[in-house]
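Asks: Each chain, letter by letter, is given below.
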Amino acid sequence: MIEVDNLTKYYGTKIALDKVSFTVRKGEVLGFLGPNGAGKSTAMKIITCYLSPTEGSVKVDGLDVFDDSLEVRKRIGYLPETPPLYLDMTVKNYLEFAAKIKGVDKKNLQESVDTVVDKCGLSQYYRSQCRALSKGFRQRVGIAQAMVHNPLVLILDEPTIGLDPIQIVEIRHLIKSFGGEHTVVLSTHILPEVDMTCERVIIINDGTVVAEDTTSNLRSRLPQTEQIYLEIRGNSSQLLSKLEAIQGINSVNEDKCSDNIIIYEIKADNKTDVRPEIAKTVIGENLELLQLKDVSLTLEDIFINVTMK
Amino acid sequence: MRNALAVYVREIKSYFVSPILYIIATVFMLVVGNSFKDYFIRFAMMTMQALRQATNSGGEVPLFNINSYVATNMFAFMNYMFLLIVPLLTMRLYAEEKKTGTMELLMTSPITTTQVLIGKFFSCLTIYFFMMSLTIAFVVIMMIQSNGKLDWGPIFSSYLGTFLLGSAIISIGMFFSSLTENQIIAAAVSLSIIMGLWLLIHSARYITPPYNDLISYFSLSDHLDSFTYGFIGINHIVYFISMTVFWLVLTGINVESTRWRQ
Ligand SMILES: Nc1ncnc2c1ncn2[C@@H]1O[C@H](COP(=O)(O)OP(=O)(O)OP(=O)(O)O)[C@@H](O)[C@H]1O
Ligand SMILES: [Mg+2]
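Residue numbers (this note's numbering), protein chains in the order written: chain A, 4 to 312; chain B, 4 to 265.
There are no misleading hints in this set.
Mimicking EDC-like on lysine to aspartate or glutamate, the simulated pairs with C-alpha atoms at most 20 angstroms apart in a straight line are: (1) A:Lys245 / A:Asp276; (2) B:Lys16 / A:Asp91; (3) B:Lys101 / A:Asp91; (4) B:Lys102 / A:Glu84; (5) A:Lys22 / A:Glu215; (6) B:Lys101 / A:Glu84; (7) A:Lys77 / B:Glu259; (8) B:Lys102 / A:Asp91; (9) B:Lys16 / A:Glu99.
The hints are simulated quantities; they were obtained by calculation from the structure and are not laboratory data.
Full structure from sequences and hints, please.
Replies: Below, the structure written as structure tokens:
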């Protein structure tokens, strides 16, 4: 649905995107991940025809963003970093205006507006001025505006920023529900969000793609070690050395927390499960076992791993 | 067409919800009204004096023309006021959208730069027309005072001249609004350019022929005079329309080029 080929963008002499290529399949929800200033927004602005690329090409639904700009724009719903609201308009008038300029015809106008108002939970503010809305509700109106013409492709730049936790969950569900029928690209810094909503992730850093895969594949790419978190109560001088002696454990880090509570961070290879052995050792030393858990690698680790290189 | 209309309607509504239009319109009416009052009283005293003299000396009562004593002055004053006011009307057209980010909505929607431009231009021209129409009140007063002897030709042509002037200076204001996201800068620069083009005629006399004719050709004021005297010259109409189109095209090019200039 979206084909980005060798995309390069210079702002003056500053390079924001350097030969970025990727494709997004129809119906896919793609997460766009990267630290501040990585070039996420820039890439999205080019896909939505707001900016022209310095080099390279972008095709949406087979149409070039440069040659068939208007046709591409009909197929795209876009939420910029700051929701583009006319503060002096009511939510109703604003969404009607957005629908009009996006080519929704007159007889479907009311229905389209009602649908997005419903989906984004805006009915309570339907007749309020945009100026009077809180940040989160402005964001919702921005999302509603992007979806009002039922576009094939949704480009959302940090869609859940400024929303409350409940709303975040709702919007994520909404975005997820868009997948399948629509193609969605969303950028975010919130890593669990990608885990929850996206099938595939593209991580960019300094204007280049550093990783591109499904979230589970990205996980398995990392060095195969396991982290175990152990918390005990009691006094033992020998536990540390006994733990280190266990087959499969690579390193142990001891951290005396408060009176009598000690925390161990254990790194083990993931061929054998060392947890039963650890539990036995702790009990054998006559200590109280408070917590023993497997801290598997999160997307954070992957993210830090690939962007720090 | 439908897109341009949507933009047009949105802009008109936006003018009417902001207090600035009401403030500007009020100030405009107060100032133009006050100058009208001055011209009008001077005219009334002059006619009265002449009448007294005529009755005393038994001579004939000279005819004073209300058109040339009041209407012409009023229109000149109104045009001058519009030079100051229009930058305040046009400053927000693009600058505000750039500042608040709504430009990003317009530029990523299936609507062309030209459609946006046309919607915006005509919305401002409508507001201008609306303010201009307020002065019909003064024309009615003149009509009553002159017992219907008001000459309608110059009145009509003067309004036409003011309207054409409006379309030219609105397009200038729009261009400078599209250059910046700061409305104050947009207004200040438009005002200087409009004033410059207005006063250009005065610099013409320091320039050797044949360039002085060229300079005065570009001056806004030079093309307005004949309208106030009741002449509708095609060349002057062509001047104002080409001026409008020129600045509008420039605005369109500028807006479209922001896509690759960033
Ligand atoms: N209009 C501009 N003019 C000059 N440089 C710009 C402009 N916009 C962005 N940049 C630069 O381009 C780079 C990429 O910016 P971009 O906004 O795409 O980052 P981002 O990944 O969206 O970051 P964030 O997570 O903070 O939103 C940054 O280094 C930024 O400074
Ligand atoms: Mg960004």
